[in-house]
Structure formats: structure tokens, C-alpha cells
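Residues per chain, in single letters:
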Amino acid sequence: MEVLLYLIPMALLLGLSGLAAFLWSLKNGQYDDVKGAALRVLTDDDIRP
Amino acid sequence: MAETLDLSVYVKRQDDGTAHLDLAIEGIDCAACIDEIEGGLCQLPGVVEARLNYTNHRLAVEWRDGELSPAAVVEELQRLGYRAHPFQARLVEEEETRRAKWLLKCLAVAGFASMNIMLLAVSVWSGNVTDITPEIRDFFHWLAALIALPAVAYAGQPFFQSAMGALRNGRTNMDVPIVIGILLALGMSVVETINSAEHTYFDSVVMLLFFLLCGRYLDQAMRRKTRAVAGNLAALRAEVTHRVNESGEPVLVPTAALNPGDRVLVRPGERVGVDGVILSGSSELDESLVTGETVRRPGTPGDVVYAGSLNYSGTLTIQVTAAGTGTLLDKVERLLESAAAAKSRYVQLADKVARAYAPVVHLAALLTAIAWVTAGASLHDALITAVAVLIITCPCALALAVPVVQVVASGALFRSNVFLNTGDALERLAAADTIVFDKTGTLTLPDMRVANAGKVRPDLLESAARLALSSHHPLATAVAQEARLRTPYEGAVEEAGQGVSATVDGVELRLGSPSYCGASDLLAESLEQEADVSVIAFSRGDERTILYVRQALRPDAASTVKALRDLGLDCRILSGDRPEAVAPIAAMLGIEQWKAGAKPADKIAVLEGLKAEGRKVLMVGDGLNDAPALAAADVSISPITASDLTQAQADAVFLGEKLAPIANTVTIARRAHGLMRQNLLLALIYNLIAVPLAFLGYVTPLLAALAMSGSSSLVTLNALRARGRNSQSTSAQPPQPVSAASALQGA
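From first to last, the protein sequence lines are chains A and B. This note's numbering applies: residue 1 is where the first sequence begins, and numbers increase by one. This note's numbering applies: residue 1 is where the second sequence begins, and numbers increase by one.
Incorrect hints may appear among the rest.
Computed list of lysine-lysine pairs in DSSO-like fashion (alpha-carbon distance at most 30 angstroms, straight line) [claimed, not checked]:
#, chain 1, residue 1, chain 2, residue 2
1, B, K105, A, K35
2, B, K599, B, K562
3, B, K225, A, K35
4, B, K599, B, K611
5, B, K616, B, K562
6, B, K455, B, K599
7, A, K27, B, K105
8, B, K611, B, K562
9, B, K352, B, K331
10, B, K595, B, K331
11, B, K455, A, K27
12, A, K35, B, K599
13, B, K595, A, K27
14, B, K562, B, K331
15, B, K616, B, K352
16, B, K611, B, K658
17, B, K225, B, K105
18, B, K658, B, K455
19, A, K35, B, K101
20, B, K599, B, K331
21, B, K12, A, K27
Chain B regions said to be covered by chain A (calculated; three or more residues, Cβ under 8 angstroms) [said to hold, decoys possible]:
#, stretch
22, 68-77
23, 360-367
Because the hints were derived from the structure by calculation, they are not lab data. All C-beta atoms in this analysis are idealised placements derived from N, C-alpha and C, irrespective of residue type, glycine included.
Whole structure, please, built from the sequences with the hints as guidance.
Below, the structure is given as C-alpha cells:
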């Protein structure tokens, strides 16, 4: 059962990184315009008329 | 735009030499709009960035200061086909956005902690019935403690703060028993971990927090959404005023940018945007939206005028004033203060329950401890059982019971074009048994319409309406609304105080006073006048007709009043207008109880009288004179056309020309209130079952976790019924022409 000693901290670390990623995205303003983000992906911003 | 609008007051100058402007945009309806707007603006010289927020229809533009005027941005948008209005984020809205973000962070932390702790807890539960070694169990408990303690310290803040706030004011609310339960459960679990015991409650604590935060966040998100729409609508009203600058030139500026002492110019047919004193000029003023009085009042130098009055005949120069003593505004504000103070005494349903609940639960826990000690158990076991009682009764379902219904119901209201200003308005709306309407602008439309449009020959009416497009006179504006083809005739000439004329295909058209159109004889024979009707005549060659212009009833006023009566509400009218004007409206709607000529203080007196009879009064009004009455009533609604001061007092605001949202509001609020009570009952039944089990010491952490999530889900699912039936009934009807969302898009 010694395997638990590093498997569990690893699992926790993975969870923490997920939390950190979410908090970063929140701070970064990724949720400010949810509907717009869904539509912007459809536009070709590299092809300017 | 013939005149350019001076928007400099809205421009924010930043340190890096750029200027920033926020705009609310009308007319956004597809993905291509994003590209069109952003791409179009980026081609303007000097624009650094244009970013459209599609969710709330707001645009942020930045440009190098001095290279571009803000008006050019608005003009470019106009050219692209969008109407843009400068937007100033209200303090409330910014505060709510910050709070929502904070709640989301707390929610994320609680979610992370509850998932990981549950992972450890499930292992312990299954290990306890199989072959887990005490060392591994201790290790898991310590890990859980390590996660739970910081997580609760962070994610529990909303509850700690609210509970502290309540206790400091000598009250209790639902958060007090929650916080006590959380802290005791945590404390006990830590002690048990140190003693390497079998059971800890870390998982229950964190899961409880997670559920509660979900409820809080949804509540917040719903409120923020309505606030954003309301904020845009306020910006879209786009009130502008001609300010007279130092050199005597009139400049078009947003009304919000005016300061006391500024001089403004108000032309005939325009609404006065500010409170002030007339400096020069004389005119007639229609103050119906302010006082409810539909008779026009002469305005001469030295007279006080109020925002919302309509200038009829002459150009006025007005000096902007702050509210002076003795004016209507001052009286209204003083009445408001006392009325609003009386209102804050209302206690929310949830707090009422919490007040009774907390002492009972804490007493039960105390009794448990005493009973166990007297039965011969050790102090340790007695305390553990007492804490288990507190944990299992920690009012998770109870705390969710009301907010979840509020979220679902305000969503339903939002779809029927009603915005709630206050959270507890639903409960008060549900309790209302008497409804008091203001007349002008509430039962009637705020604008004037041609009353006899159906009786005039359509082609004659159409020519009159197109001719009216060339005039700014308020009566002509009313006639112009009948025009199907919205192009004015060429060469129309307006004669001040008389009317407007044009020659089309060799025939002379005239619209104006009856004598101007040679129709005085027609007037004499059709003079069965009602009090609030104005007359305008039209002639085309030899054909002549008389048009009656008045503030028409809202199209569905009669049916809505009937629907409200069917709901068991006692309908009344309380108007500031004259009896002659109120009586026909009351008769048309079948309302027997009406009072006219009521001043703001009279309105409050009437409402107080009704309240003294034990009635719960719902006030619907829009004028400045209604603001104190709205605050004094148990609950209040105002149309979106109401003045800012009035809207701020109303518990809810409805959109559109129809009165039907009021009946919908009452129905939805009643259903929501029923569901709230049902939910509270469900939560209570759960406690009645759980407490005896906990008392007897049967509650394990597994059972606590199951019971808590079970009762919370049950309450949440029940709350969803607040929208179910409503969405079915609206889908059966043709879709509403103006939904809240399309109003945003300028429909």
C-alpha cells in the first residue's frame, strides 16, 4: 500500500492544477462574453476582406 | 445625424495616451455583427481596439487620444446600421459583477475540495466495512483535513460575512445556523482525526458548502443578467439635451452630462430633460408624466419645470437646478425618505423560518447531549452525537428552498418582460390583494395617439400622418405615428402656432388648428368632448376631417384588469389628474373605486388607509409624483418609461406597451411563493425524520452525505416547477412581439 503515498498526492496535485487553471481563466476574463466566444470561433480572422 | 452629439463626458482618458468609450449597441442579432462592427471601427484612423461583448451587447472602443472624436465612432456605427448609446456602468452593476466573480471562485474551491475529499471519504467508508488499516484511515483523514480546512476558510466567506453582519445587528438569519453547523462539524472532525477515530465529517461540510454556493451563485447570476439588460435599456433611452455654451451656441449633449447652473434650450415638441427654472421664453407645458395632470400649464420665466414635461408651443431657455426647497421634487424626496424607512421592516420568509429554526435546532442538540450523559454515555460520545444532530439539521435544503425558487421565477418573469429590482419582491407580490393603478402613463400609454383613427378614411389619415412627419408639434407627432409610409412630403411649411401645409399633386394639404384648416364648423357639430382630448384638423382640397388626440389606454388594459380581478385582486385607480379625465377611464375598465386629483402626500395617505384595513397593496405607477406611493406600498411595479427616481423605488419594472406583464407577474409570484412554502415543508419533513435518527446516534458520515444531497436535490427539482407550466402556456400562445432579449436588440 506504499504506492498510495505518492499516488494520492499526485491525484491531489492534478486536481489543484485544474482548480488553478479555472481560477486563471476566470481572472483572464474568459467567461465575460460566453455567447460571443461561441460565435467568434466561426470567423476567419486571418482572412481579411 | 444633423447635429453632432458631444460625448466627451463619457470618454475615459487612460495613462498610455488612449481614450476609452463604452457603448451599448442596438441591433445586434447575428455572429456576423461582431466582425462587421469590430472590423468597421478598426478602419477608422486612430482606433486601437474595438471589442464587442456579444453577451451583454456592449462595445468597448479605444483610440489614440486626439486622433478621433467619440461622435465619429457613433456615426460610423450608425453608417454600419447599428444604433449606439454611450454607456456608463452603474456602480451597482460593477459591484454585482465583482461579487459574482468572487462567488464563482468560492464555488470552484468548494467544488475542488468536495470532489477530492469525497474520493478519500468513499475509500474510508468502503474500507471500514472491509479491511482498511487504521494507519491508512488516519492518513486519509489527515489529508481530508488538510484540504477541508483551507477550503472552508476560503469558500465559507460569503456565509461567515453574512452571519457576522446579522449577529452584529442583533438579528439571526439562515446563515447563522449554517455557520455554527459548519464550524462545529469541522472542529469535531479535527478532534476525531487526532483521536484516530472511525468517522469524520469533512466530506459533509464541504459538500454542504458546495451546494449552498451553487444556490447563491445562480441567484446572483440571474440578478446580474436582469441588471445588465436594465442598464442597457437605460442607455438606449438616449436622453439628449441642447446645452447653451458660453458663446450662446446650443450643443447637443447627453442629459446625464449636465450640471446645475448649465443653461439648456428646449424647443417645441421636445421633452424637458432636467429639472430647472425657466430663464426666458414662454410656452405651454404638458406635465402629465410628472404629475398625472393632463391639462397643459403655461410656463413663463421664473417658473419651475420638471424633467419629463413636454414643451408644447414655444422655445424655452432653462437653467438647470438641483432640487430646491419647496419644489415638487423636494417634497417627493422627503416623502420618499419616510416611506422607504417604513418598508425596510418587511421580514423575508426565509429569515422568518431561520428565526424560529435556529433556537429549536440548538436546543435539540443540547437535549441530545444531556440525554446521552444521563443515560450513562461518556461525555465524548454525548458530544459527538449532539454535533451529529447539528450537522444533520444544518439547513442546507432550508437555505436552498427559497433562493432556487427565486432564480427560476425571476427567469420566468424575465421572459415575460418583467425585471425584478429586489430579491424579496416575489413574496410580497404573492401576498398582494389590492392593486392601485396610476392613470397617466400606466393605464394609458405615455405617448398620445389618434383616438378616432378607425373612423377616419384610411387614405385621408395616411396623408395627414405623412404631413405630420414634417412638424415637431406634440399633436402632430401623435398623428405622425399613424403613417405607414414614413417619408415626409417635400416642401412642407410649418406656420408657428397654426399648423403645417404642403402642396402635393396640385392639391393643398393642411394640418393644424381647425380654423387654419377651415374646419371650425366640423368642430362645432362633433363637440361631444371628453376632458383630456386635444383636437387637430386636416384638410385636403375640399375634404376635411377632425382628429382627436389623447393618451390612449394600453391596448390590453381592459383584459388585464379583468384578469387581475379574476385572480382575486381588488383594482383601484389613484390619479393626480382631474376627475373628468379619470372617470371615463375607470368606467371603461369597470373599476368602481377611483380617486382623482391626488397629490403625492394624498396618495400615501390613501395607501396607508388601505394598509390599515389589513390589505396588502400593489402599486403600479410611473410619474415622479408616484415615487413616494411606490415606496409606501407593500410592493410596486412601474413601466420602463417611468422616470429614473420612480423606477428606483419600484420592486419590478415591466417593458413594452402592454399591461399583461402585471397579471403574469402576480401569477408567477403566487406560484413561486407556493413552491417556496412547499420547499420549506419538504426541508422540515426531512429534518423531522433525520433528527430522531441523529438523536439515537445512528447517523454516520455516509448517511449524513446521502441525506444532505438527497434533500437538496429534491428541493431544487421542486423549484424547477416554477417555470414548467408557464413555458407551456406561453408556447401555446403566439410568441410575444417584444421579448426582453429583443428589446435589447432594439426591436
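Each hint tested on the structure:
| no. | hint | result |
| --- | --- | --- |
| 1 | B:K105 - A:K35 | 21 angstroms, holds |
| 2 | B:K599 - B:K562 | 27 angstroms, holds |
| 3 | B:K225 - A:K35 | 13 angstroms, holds |
| 4 | B:K599 - B:K611 | 18 angstroms, holds |
| 5 | B:K616 - B:K562 | 19 angstroms, holds |
| 6 | B:K455 - B:K599 | 37 angstroms, violated |
| 7 | A:K27 - B:K105 | 10 angstroms, holds |
| 8 | B:K611 - B:K562 | 23 angstroms, holds |
| 9 | B:K352 - B:K331 | 35 angstroms, violated |
| 10 | B:K595 - B:K331 | 21 angstroms, holds |
| 11 | B:K455 - A:K27 | 63 angstroms, violated |
| 12 | A:K35 - B:K599 | 48 angstroms, violated |
| 13 | B:K595 - A:K27 | 56 angstroms, violated |
| 14 | B:K562 - B:K331 | 35 angstroms, violated |
| 15 | B:K616 - B:K352 | 18 angstroms, holds |
| 16 | B:K611 - B:K658 | 28 angstroms, holds |
| 17 | B:K225 - B:K105 | 19 angstroms, holds |
| 18 | B:K658 - B:K455 | 23 angstroms, holds |
| 19 | A:K35 - B:K101 | 18 angstroms, holds |
| 20 | B:K599 - B:K331 | 10 angstroms, holds |
| 21 | B:K12 - A:K27 | 23 angstroms, holds |
| 22 | 68-77 | violated (count 0) |
| 23 | 360-367 | violated (count 0) |
Checked against the numbered hints listed earlier, the structure breaks hints 6, 9, 11, 12, 13, 14, 22 and 23; every other hint is satisfied.
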